[in-house]
Amino acid sequence: MPALPHPEFTTRICQELPTKSNPFVARERRLYGYAIDELWGRCTLSEVIYLMIGGELPTRERARLLECLMIGLSNLGPRDVGIRAAMTAGISKTHEELLLPIGLLACGGSNNGNTEIALAHRYIREHLQHDPQDLGATTLAAHLAPTDTPMPGFGSTYGSEDPILTRLANACIELSIDTPALRWGQKVVTTLAPHGHGWRFPGLVAAASLDLGFGERESIAVGQLARAPGIAAQGLEQLHHPIHHSRFLEDEHYERIDSPG
Amino acid sequence: MSASIRPDDYWRARRRHIRTATGQWLSGKDAIVRGRSLLGECMETLDLRQLQVLEITGRLISPRLSEWIDKSVFFTSYPDPRIWCNFLGASCGTQATTPVVAHAIGCLAADSRAYGSRAQYLAAQTVERLIAEEAEGVPLEVLVEGVPKRHGFPSLSGFARPLKVEDERLGPARELSRRLGFAPPGPAVLFAERLSNYLEAQYGLGMNVAGYGAAFLLDQGFTPDEIYRISAGRVAIGVMACYAERFGEPANAFLPLHCNDIAYRGPAARSVGDEHPQRSR
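Chains as they are written, first to last, in our numbering: chain A, 1 to 261; chain B, 1001 to 1281.
If you are wondering where the hints come from, they were derived from the structure by calculation, not from laboratory data.
Any given hint could turn out to be false.
[Unchecked claim] Distance ranges between label pairs, derived from CB positions:
id, chain 1, residue 1, chain 2, residue 2, range
1, A, GLY213, B, ALA1263, 21 to 27 Å
2, A, ASP37, B, ALA1021, 55 to 61 Å
3, B, GLY1146, A, ALA233, 45 to 51 Å
4, A, GLY213, B, ILE1018, 43 to 49 Å
[What the hints assert, rightly or not] Computed cross-link-like contacts, DMTMM-like style, restricted to lysine to aspartate or glutamate with a CA-CA straight-line distance of at most 20 Å:
id, chain 1, residue 1, chain 2, residue 2
5, B, LYS1071, B, ASP1167
6, B, LYS1029, A, ASP258
7, B, LYS1164, B, GLU1200
8, B, LYS1029, A, ASP251
9, B, LYS1149, B, GLU1200
10, A, LYS187, A, ASP148
11, A, LYS20, B, ASP1261
12, B, LYS1071, B, ASP1047
13, A, LYS93, A, GLU237
14, B, LYS1029, B, GLU1041
15, A, LYS187, A, GLU174
16, B, LYS1029, A, GLU255
17, B, LYS1029, B, GLU1044
18, B, LYS1029, A, GLU250
19, B, LYS1071, B, GLU1175
20, B, LYS1071, B, GLU1226
21, B, LYS1071, B, GLU1168
22, B, LYS1029, A, GLU252
[As the list claims (entries may be wrong)] Quick look at which bits of chain A chain B covers, simulated, 3 or more residues with Cβ under 8 Å:
id, segment
23, 6-12
24, 17-28
25, 39-46
26, 152-161
27, 245-259
Just so you know, even glycine gets a beta-carbon here, dropped at the ideal spot from N, CA and C.
Could you build the full structure based on these sequences and the hints that come with them?
Dropping the structure here:
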C-alpha cells in the first residue's frame, strides 16, 4: 500500500512498523530507534521521558537528576495554583478526565507559570557566564518589593524565599557535578534570599532543564510532566467529597466596586 | 524594609477577601454586572455581545459595534475539518469526548501565533506599536526594515499573507464596516491599509482579516489585551460543527492514517544493550 504523496507529519521520535495484514495496525513501535518492548523491560520511566524529550537515553547521573527534580515537584501542595484549580474542579464535580488538563492549563502563563519556564531558560542561558554579583543582584535585591520579579524564574513566594525549592536545588546539585545552571541559580538565590526572594518553580525547572541538555520549549514540558501527578491525585481526591464541603466566601468578605460602563 | 511592614502583607490583605469591580451574585435575588442588574436592566436592554464586552471591559458598546463584533465571528466560523482547530473538533467527535472538551480544545488550538485569537492579539500589538513609532518620526519603510524576518519576509502578524491567495474575508469586512456606518476609516485602519500596500509592493505580502479586524478594534478604543479577551473562542462554531458531524462514528474513523503515512526521520533501530555508552556509567 503506497504512503500518502505528502506525509501527514515527519518525526524523529517514533517509528511504527505495520503488520503484514493491516497497514493501520502497528506490530512494532520504536522510540528514537529503541523498541518499546526493550524500554519497558530495561528502563525507568524518567529515562524514557528523558529519551523522548532529549533524543538519547540519559547517563545514570542525568537520569537521577531528572528523577530527583520530578519527585521534588510532583506535588507543589494543595495551594499551588494548578493543584487548587484541579481541586476546585473536582469538588464542583467536573468530569474526572478533565481534572488533570484543567490543572495543567491553570498553572500556565508567564507569571510564575509554564511560559515563565521558557523565559527563565533563556535568561539563565544568556547570563550563565555572568557572576550574579555583576548582574547588580545585590543592589537590586535591596530595593525589591515582595511582589516584584527580579528576573524570570526568581522572586518571592508570598514575600519570602521558598525553602523547599532551595533544598531541592541543592539536592539536584549534589547528584551531579555537571550542573552549571543550577549552581548559578543557587548563587543568585544566595544574594536574593536575605531580601525575601529565591527560586520560583519556573526558574528551578529551567535551570535543571538546561543542565539536562533540554531546550527552551522542551523545558516547559519538563515542568508540566513534573507537576502532573500532584494535580491528578489532589483533583481526583476532591471528587469523593460532597460539593458543600467547598463553601463560597461569605458576603461580608466580598467588596464590590460599582462603576457602570 | 521598615520593621512594621511584614513581607507577606500584600497577601494577608487578600486572604479571605475579594475586592472586585466585575459584579456579584445576590443569592435568590439578582446578579450585578458592572453596577447594573443582570436580570433586570441588562436583560431588557442589551444583546449578548454588549453583555460580553460590558463584563470583560466594563464598557457598554453601541448596538452597531456589537453587531460588527458579532459578524466578525463569521470570519472564523468555517466548518471545514481540514482547518487545524476544526480537525481537533472532528477528532473529539469520533473519540466521543464531551462537546465542552471539543469546544475547549478547538479554542486552545486556535490560540496560535499563526491564526486565531492569538494572531489577532499579536496583530493588534503590531499595529499599535508601529503607529506609535511612526508618530515619533520613524518612516514606514524603516519600521518594516526593523521587523524580524522569517524566510526573508517581515514577520508581521496580520500582514504576512501571500497575495497569490487573497484573503476572501477582507472585502466583506470592509463592507461590514461601511454598512454599519464606521466611515471614514479610523487612523489604525488607515495605517494598516498603508502598511499592507507597502508590503504588497515590496514583498508581495498583504493584510489578512486578523490585521484588519485588529486595526478596526483599536480604532474603537480597545487595547490589544481587550481585543484578545473579546476574541477568545471565536473559532468555536466551526469546531462544534465538525465535532457534531463525527460524533458516534467508530474510533479513529476520521482521516485514519497508515503507519507509513507518518515519515520517520530518526535513528535506525538500536538496542539499549551495554554497547550504548550512555548506559555504561
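Okay, the hints, checked on the actual structure:
A C-beta distance of roughly 26 Å is found between GLY213(A) and ALA1263(B), which places it inside the suggested range of 21 to 27 Å. Range check, ASP37(A) to ALA1021(B): about 59 Å between beta-carbon atoms, so the 55 to 61 Å window is met. A hinted range of 45 to 51 Å holds for the C-beta pair GLY1146(B) and ALA233(A), which are about 50 Å apart. Under the hint 43 to 49 Å, the C-beta atoms of GLY213(A) and ILE1018(B), about 45 Å apart, fit the expected range.
A C-alpha spacing of about 17 Å is found between LYS1071(B) and ASP1167(B), which places the hinted pair at or below 20 Å, so the restraint holds. Proposed proximity of LYS1029(B) and ASP258(A) is supported: the alpha carbons are some 18 Å apart, at most 20 Å. The suggested pairing of LYS1164(B) with GLU1200(B) holds, with an alpha-carbon distance near 11 Å, which does not exceed 20 Å. Straight-line distance between C-alpha atoms of LYS1029(B) and ASP251(A) comes to about 14 Å, which keeps the hinted pair within the 20 Å bound.
For a cut-off of 20 Å, the pair hint linking LYS1149(B) to GLU1200(B) stands: about 16 Å separates their Cα positions. Between LYS187(A) and ASP148(A) the alpha-carbon distance is near 19 Å, which keeps this suggested pair within the 20 Å criterion. Restraint check: the Cα-Cα separation between LYS20(A) and ASP1261(B) comes to about 15 Å, which is no more than 20 Å; the hinted pair holds. Under the criterion of a C-alpha separation no larger than 20 Å, the hint pairing LYS1071(B) with ASP1047(B) is consistent with the structure, at around 13 Å.
For the proposed pair LYS93(A) and GLU237(A), the alpha carbon gap of about 11 Å is at most 20 Å, so the pair holds. Among the hinted pairs, LYS1029(B) with GLU1041(B) is consistent with the structure: their alpha-carbon atoms are about 14 Å apart, no more than 20 Å. Proposed proximity of LYS187(A) and GLU174(A) is supported: the alpha carbons are some 15 Å apart, at most 20 Å. For the proposed pair LYS1029(B) and GLU255(A), the alpha carbon gap of about 18 Å is at most 20 Å, so the pair holds.
With a C-alpha separation of about 16 Å, the suggested pairing of LYS1029(B) with GLU1044(B) holds against the 20 Å cut-off. With a C-alpha separation of about 16 Å, the suggested pairing of LYS1029(B) with GLU250(A) holds against the 20 Å cut-off. For the suggested pair LYS1071(B) and GLU1175(B), the alpha carbons sit about 11 Å apart, so the restraint of at most 20 Å is met. The suggested pairing of LYS1071(B) with GLU1226(B) holds, with an alpha-carbon distance near 18 Å, which does not exceed 20 Å.
For the proposed pair LYS1071(B) and GLU1168(B), the alpha carbon gap of about 15 Å is at most 20 Å, so the pair holds. Between LYS1029(B) and GLU252(A), the direct Cα distance comes to roughly 17 Å. Compliance with the 20 Å bound is thereby established for this hinted pair. For a cut-off of 8 Å, the count of residues in the segment 6-12 of chain A with a CB near a CB of chain B stands at 6, and the three-residue condition holds. A stretch counts as covered by a chain when three or more of its residues have a beta carbon under 8 Å from one of that chain; for the segment 17-28 of chain A and chain B the count is 6, and the coverage holds.
Using a Cβ-Cβ cut-off of 8 Å, 3 residues of the segment 39-46 of chain A lie near chain B, which meets the minimum of three, so the contact claim holds. Counting residues of the segment 152-161 of chain A whose CB falls under 8 Å from any CB of chain B gives 4; the rule of at least 3 is met. For a cut-off of 8 Å, the count of residues in the segment 245-259 of chain A with a CB near a CB of chain B stands at 8, and the three-residue condition holds.
This entry satisfies every hint, going by the numbered hints stated previously.
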